[in-house]
Amino acid sequence: MNEAATPWQKARRLLVTVGPGALWLTVFVLVPSLLILLASLLSRSSTGSLAPPWGLHNYVRFFTEPLFWEIVGRSLWIGWWATVLTVLMGYPLAFYIAAHRYKQVLLLLVVIPFFTNFLIRVYAWIILLQREGAVNAVITAFGLPPADLFPSTFAVYLATVYTFLPFLVLPLYAAVERIDWSQLEAAYDLGATPVRGFWEAIFPQTLPGLFAGFLLTFIPAVGTFVIADLLGGGKITLIGNLIQQQFTSAQNWAFGAAVSMILMVMVLLGLWLYARTQGERGLDELV
Amino acid sequence: MPVKRLLAAYSWLVFAFLYLPIAVIVVLSFNESRFGVNWTGFSLKWYEALLENRRIGEYLGNTLVVAFTSTLVSTVLGTLLAMGIVRYRFRLRSFLRYLLYVPVVVPDVVMGISLLLLFDTVRDGIGWPRLSLFTIILAHISFQIAYVTLVVRARLMLLDPALEEAARDLGADNWRTFWEVTLPLTWPGVVSGALLAFSLSLDDFVVTFFTSGSGSTTLPLYIYGKVKTGITPEIHALSTLMVGATILILALGALFWRRR
Chain A
1 MNEAATPWQK
11 ARRLLVTVGP
21 GALWLTVFVL
31 VPSLLILLAS
41 LLSRSSTGSL
51 APPWGLHNYV
61 RFFTEPLFWE
71 IVGRSLWIGW
81 WATVLTVLMG
91 YPLAFYIAAH
101 RYKQVLLLLV
111 VIPFFTNFLI
121 RVYAWIILLQ
131 REGAVNAVIT
141 AFGLPPADLF
151 PSTFAVYLAT
161 VYTFLPFLVL
171 PLYAAVERID
181 WSQLEAAYDL
191 GATPVRGFWE
201 AIFPQTLPGL
211 FAGFLLTFIP
221 AVGTFVIADL
231 LGGGKITLIG
241 NLIQQQFTSA
251 QNWAFGAAVS
261 MILMVMVLLG
271 LWLYARTQGE
281 RGLDELV
Chain B
288 MPVKRLLAAY
298 SWLVFAFLYL
308 PIAVIVVLSF
318 NESRFGVNWT
328 GFSLKWYEAL
338 LENRRIGEYL
348 GNTLVVAFTS
358 TLVSTVLGTL
368 LAMGIVRYRF
378 RLRSFLRYLL
388 YVPVVVPDVV
398 MGISLLLLFD
408 TVRDGIGWPR
418 LSLFTIILAH
428 ISFQIAYVTL
438 VVRARLMLLD
448 PALEEAARDL
458 GADNWRTFWE
468 VTLPLTWPGV
478 VSGALLAFSL
488 SLDDFVVTFF
498 TSGSGSTTLP
508 LYIYGKVKTG
518 ITPEIHALST
528 LMVGATILIL
538 ALGALFWRRR
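Residue numbers (the numbering used here), protein chains in the order written: chain A, 1 to 287; chain B, 288 to 547.
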């Protein structure tokens with residue numbers, strides 16, 4: 001930085017570098033977020049768009065009807081268990097990749113499905129799971145009756161795990177790469193069993209990556225609507241589906257905005273808890 | 288060591304899980320049969336049908352126009368923003384940093400409807416903009432800019448500020464320092480940011496879903512519609528080509544990184 005910069009020069013530099021991007025974020029991120037808040041306080045007009053009167057009625061409706069509690073509960077439940085399954089698959093994988101001679105190649109192998117079009121990935125599961133699909137072709141080849149795998153909650157779980165696995169593996173891998181293995185040696189020297197050595201010397205070192213990966217999987221898993229929409233056959237309503245329906249078929253933008261606010265608050269709550277445990281730096285590591 | 292073997296076996300099972308769906312689609316795209324998954328013979332007819340389908344050409348065009356335009360704008364804005372945030376201390380800096388995380392952490396649906404609300408509100412006021420490719424581009428830039436900024440910022444934080452000081456000491460003005468020192472050193476970050484932005488745009492369905500209008504169908508929107516109404520094997524061929532393009536882009540990116 002130039003020490004002799006006058007206030008005018010400083011302002012000009014800021015205007016050129018930060019200015020355009022900050023303006024963009026203000027217009028297209030900050031203002032729209034505020035618009036959701038405002039819209040959530042309005043009502044549904046006869047045409048389905050927004051109209052007065054103002055009030056908290058959308059929130060009252062959300063919290064007083066058991067149906068909506070059920071939807072939130074289901075979203076959190078499916079999101080939680082899908083994330084746990086993802087951890088079970090991704091945690092050992094991160095160790096395997098980090099210890100492998102061709103780890104860059106293996107990492108690329110994890111990333112390729114992640115960069116493959118999301119809809120193609122979801123669609124692929126339909127091809128695999130549908131009644132005349134690939135999985136049933138194998139099952140019936142063994143003389144067993146075909147299973148109803150699609151549409152189903154099982155299919156939703158499977159596709160959710162599949163979609164978000166890379167989100168978990170990448171931050172976890174970064175943490176495994178940084179592990180100080182001498183701590184494990186020290187644990188062995190002190191007479192620890194392999195299990196105890198892993199649990200007390202290695203596992204705690206992977207926690208930051210595990211937290212980050214967990215959050216990066218859990219948030220989109222709770223918020224997604226496409227997976228439940230396509231693989232649940234329209235029968236499984238998650239909070240994302242509820243929002244989407246309010247803005248499309250149900251045409252009640254005000255209520256949809258209120259549900260969006262509630263989802264946003266849930267996300268922020270999760271991030272706040274994360275920042276509490278990981279500190280400010282944790283947020284940077286998240287991305 | 289049995290534990291190592293077990294870990295390897297488990298990991299390759301996970302890799303199989305990752306690639307099974309993609310493999311099935313690729314194989315089916317060459318299958319002669321129209322229905323089911325029974326292999327009736329090798330055929331390129333779905334690729335031929337794809338080539339003859341004019342609409343798909345139009346949707347591909349739309350997708351690419353959106354991806355290139357939005358990537359260009361967001362890469363320029365994001366790179367400048369990252370430089371400003373790393374170099375200068377100013378009021379609202381930490382607020383801006385939090386604002387950057389919003390498009391990254393907020394679920395797509397919320398991002399989509401918030402932009403729909405914005406476009407709708409402005410249109411109510413001044414009769415513009417209609418939901419079109421233009422609004423999709425604006426929407427994509429809005430989430431891409433955050434990713435580009437975060438990637439470029441990570442690279443900038445690794446730079447030694449002494450290099451820029453040296454350039455200035457040797458008499459370079461701000462522009463020359465930027466073009467001849469800062470930008471070349473930041474370049475790998477800019478390229479990875481742009482690649483990420485580009486693939487995020489190609490991949491996006493949800494935000495596009497809420498910000499598109501008639502005549503602005505992109506490939507993900509088309510595939511969604513097809514999945515809802517009835518799948519034809521053309522989609523397998525289309526998907527295979529898209530997977531191929533993805534692997535090509537990633538391989539180019541990896542080569543680029545290796546050279547650095």
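Worth flagging that the hints you see were computed from the coordinates, not collected in a lab.
Don't take each hint at face value.
[To be verified] Simulated crosslink set (DSBU-like; lysine-lysine; CA at most 30 Å straight-line):
no.	chain 1	residue 1	chain 2	residue 2
1	B	291	B	515
2	B	515	A	235
3	B	513	B	291
4	A	103	B	291
5	B	513	A	235
Pairwise hint evaluation, residue 235(A) against residue 513(B), where the allowed Cα distance is 30 Å at most
Satisfied, since the Cα-Cα distance of roughly 19 Å is no more than 30 Å.
Would the pair residue 513(B) and residue 291(B) pass a check requiring their Cα atoms to be no farther apart than 30 Å?
With Cα atoms ~44 Å apart, residue 513(B) and residue 291(B) exceed 30 Å; violated.
Restraint status (C-alpha distance of residue 515(B) to residue 235(A) at most 30 Å):
Roughly 14 Å between the alpha carbons, so the hint for residue 515(B) and residue 235(A) holds.
Restraint status (C-alpha distance of residue 291(B) to residue 515(B) at most 30 Å)
violated (44 Å)
Is the straight-line distance between the alpha-carbon of residue 103(A) and that of residue 291(B) 30 Å or less?
The given pair, whose Cα atoms are some 16 Å apart, holds under the 30 Å limit.
The structure is inconsistent with the numbered hints 1 and 3, although it conforms to all the rest.
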